[in-house]
Each structure stands twice: as C-alpha cells, then as structure tokens.
Amino acid sequence: ETGVTQSPTHLIKTRGQQVTLRCSSQSGHNTVSWYQQALGQGPQFIFQYYREEENGRGNFPPRFSGLQFPNYSSELNVNALELDDSALYLCASSHQGQLNTEAFFGQGTRLTVV
Amino acid sequence: AQSVTQLGSHVSVSEGALVLLRCNYSSSVPPYLFWYVQYPNQGLQLLLKYTTGATLVKGINGFEAEFKKSETSFHLTKPSAHMSDAAEYFCAVSADTGNQFYFGTGTSLTVIP
Chain A
1 ETGVTQSPTH
11 LIKTRGQQVT
21 LRCSSQSGHN
31 TVSWYQQALG
41 QGPQFIFQYY
51 REEENGRGNF
61 PPRFSGLQFP
71 NYSSELNVNA
81 LELDDSALYL
91 CASSHQGQLN
101 TEAFFGQGTR
111 LTVV
Chain B
115 AQSVTQLGSH
125 VSVSEGALVL
135 LRCNYSSSVP
145 PYLFWYVQYP
155 NQGLQLLLKY
165 TTGATLVKGI
175 NGFEAEFKKS
185 ETSFHLTKPS
195 AHMSDAAEYF
205 CAVSADTGNQ
215 FYFGTGTSLT
225 VIP
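So the protein lines, in turn, are chains A and B.
Mapping the first sequence onto this note's numbering, position 53 (from 1) lands on 53, and the numbers just tick up by one.
Mapping the second sequence onto this note's numbering, position 23 (from 1) lands on 137, and the numbers just tick up by one.
What the hints contain is simulated information worked out from the structure, not anything from laboratory work.
Possibly wrong hints are sitting among the right ones.
[Unchecked claim] Some but not every residue of chain B turned toward chain A, in silico, with C-beta under 8 Å: (1) 153; (2) 160; (3) 162; (4) 164; (5) 177; (6) 201; (7) 215; (8) 219; (9) 220; (10) 224; (11) 227.
Don't be surprised by glycine CBs; every beta carbon is placed ideally from N, CA and C.
Isolated chain B, as found in the complex (with noise of 0.2 Å):
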C-alpha cells in the first residue's frame, strides 16, 4: 500500500525567501515520487519527479526535490520564492509506472511581499 503525509496545511514565506514544503511517504514497494502544483480553479501540473537514478531532482520554476529513502522523505525546495509560487502544491506516490497516484492532503503556499 502507497500513502503520503505532507506536513503543514500552510506555509507562508517572504518573497525571496526559501521555500520547503515537506512530504514524507509510506510505500511497501520502491516508489515513485512526484510534485503536483495546482492553482485556483484548475487542475494539476507535474512540477517534478523521481522514478529512478538520481535522487536529487530538478523541476520547473525552479523547484527540486530530493528523495531520500532512509528517511522515507522527498521534500520540495526552492531557493527564492516568488509572488507566482503561491499555489497548492501535492506530494504523490505511486507503486510503478502505471500513474496510480496517492496524493497528500496538499500545502497551501503564501508568498509575502
């Protein structure tokens, strides 16, 4: 069975401050792991993801996540937000390749000015 836990509904930060959202999963097979953002009224595009090789991945915008399987984690990072982050942002998991996908219960970015 696949789950993801994101930790923390909201999270807000300054523009130009880092952005780290956390996500940590539950899979009884290796996982593939992914980044969803959603804005208002739409649905999801794939920022980034890891299925297999390197652990450190780089998406678009400038997001990049890093899968680190010791600790069951693959948080979603950016060095400098900007005011166009401000979105929802899921964490999923899926078992192969099929995109059955698990998704977290979301994050909410805020971007202060």
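Chain A on its own, in the form it takes in the complex (with noise of 0.2 Å):
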C-alpha cells in the first residue's frame, strides 16, 4: 500500500455539476500528476503539479482545473461534467527532479456521470 490517498473512493454525478478530488501525496514528495483512466483504456495524463504550479498538461479541456496546496496535497476539479468523463482518476505523487525517483499512485477515485 502507497502513502497517497485519494477521495473520496466514488461518487455519482449529475451531467452540467462540477466536482472536486482530493490527493493526498506520498511524505517527501513534492509533485502530484493526475491520469483519467477510462473503463478498458490506459490512463491519460492530465496535469502535473509542481510548488503549487502546473507543471505540464496533456490534452484536457480548460475545464479540468487543479490546484496543489503548501503540503503538496492537491485538488482536481471538473466543471460542466459531460458523460464521457465518467472514469477513474488517479493520482501519482513523486519528487521532482530526482533522477531514479518512483511515482507511486493512489487507489483513485470512481466516478460516475450519469
């Protein structure tokens, strides 16, 4: 089991709300990326926080937003939800700039869109 937690473990939403999950990282680690893994698929990157800044994105619409706090914990947040975002999303903390460093992942975060 990794010290990264994620929550809440599921939640159900209606289409047009907006949602926030939360990440807890790993003590030390200073970076927090979040994936989408949809049902079947690989994860896909979304963002990476860094000292409380995005640190690189991957193809993600503006209304997948973050922030990361002082003790590196972070939020995800989703506006206007559509059905497609129904996925897992997980979170991997690391350190940056380590060579060798290991990303380790939370258990992530069901949602559902419905």
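Both chains are given apart, each in its own frame, so use the hints to dock them into the complex.
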C-alpha cells in the first residue's frame, strides 16, 4: 500500500455539475500528477503540479483544472461534467528532479456521470 | 512526443508457462520506460523501470524487461506464470524524470490453472 490517498473513492454526479477530487501525496514528495482512466483504457495524463504551479498538461480542456497546496496535496476540479468524464481518476505523487525517483499511485476515485 | 503501443489486449498463459507482454514505444528523446500492474479496483503498482544503464531490467515478482533501442521495444517477461500474476499490465513512457507518463492501452493477463 502506498502513502497516496484519494477521496472520495466513488461518487456519482449529474451531467453539467462540478466535481472536486482530492489527493494527499506521499510524505517527502513534492509533485502530484493526475490521470484519467476510462473503462478498458490506459491512464491518460491530465496535468501535473509542482510547487503549487501547473507543470505540464495533457490534451484535456480547460474545464479540467487543479490546485496544489503548500503541503503538496492536490485537488482536481472538473466543471460542466459530461457523460464521457465517467472514469477512474488516479493521482500519483513523486519527487521532482531526482533520477530514479518512483511515482506512487493512489487507488483512484471512480466518477460516474449520469 | 511520446507514445506506447501494447500488442495484444488479452494474453492467456498456462500456470508455469512463459509470460511475454509486448510493448513498443515512440519517443523524440531518449525515453524512460516503465511497466505497471493494476489489480481490479486498485491503483497502479510499479513492476520495473528503465532509465539509464543496463538494458536488461529486473523487477518485482520475477518480472524482467529488456530495452532494445534498435527495435524501440521494451517487452515484459516472466519465466513461469503464477495464478497471482493475473492482472492488467501497462507499459508507459516518460521523457524525463518528471514522471509525466504516457501509457499504453494495457494487456489483460489471464493465467489458466
């Protein structure tokens, strides 16, 4: 079991609503990355936060946004939810800039949009 | 740009048989390559990674992979499959140590008793 915790584990939202997912990074890690894993697919990189700033973004629209706090925990916010946003959302924490650092993944938040 | 192709979305092997999961990558820079395993309703666990140095990489649970630059491949192998190896396996590439991964679509491994 990693030290990365995500909350909630499951939630159901209605199309058009907004959602906030949370991630607590492993002790000693300063970077959090977020991934979307649709059913039967590999995880897709959404964005990464380092020192409270966005540090790289995948091919996701602006309604996907995030925050990183001084304690390195992070939030993923999705506005105007669409049915296709239904997926497992994974966060991964790591330590930026160290060769051979490992990224540790949380168990994910399963989001269902109806 | 980086990308990964995993050949075979489903692989079945008998218990005790060789496991071979295929991964080919595309990268505009020297890649860092990873294999992750995912059990049902869980996150991803690192099996092994290649960053620099020796091209044959050994990981956990008896898995290993060989980085072949000429073939742009990073296939995962295990000499003898165990029932507990049944899971989803993902190959991933990263351009640097920043851990921004680009994953393949995954290979579901079934182990037949």
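Task: Numbers of the earlier hints that this structure fails to satisfy, in rising order - done: When the structure is compared with the hints, numbers 1, 3, 4, 5, 6, 10 and 11 turn out to be violated.
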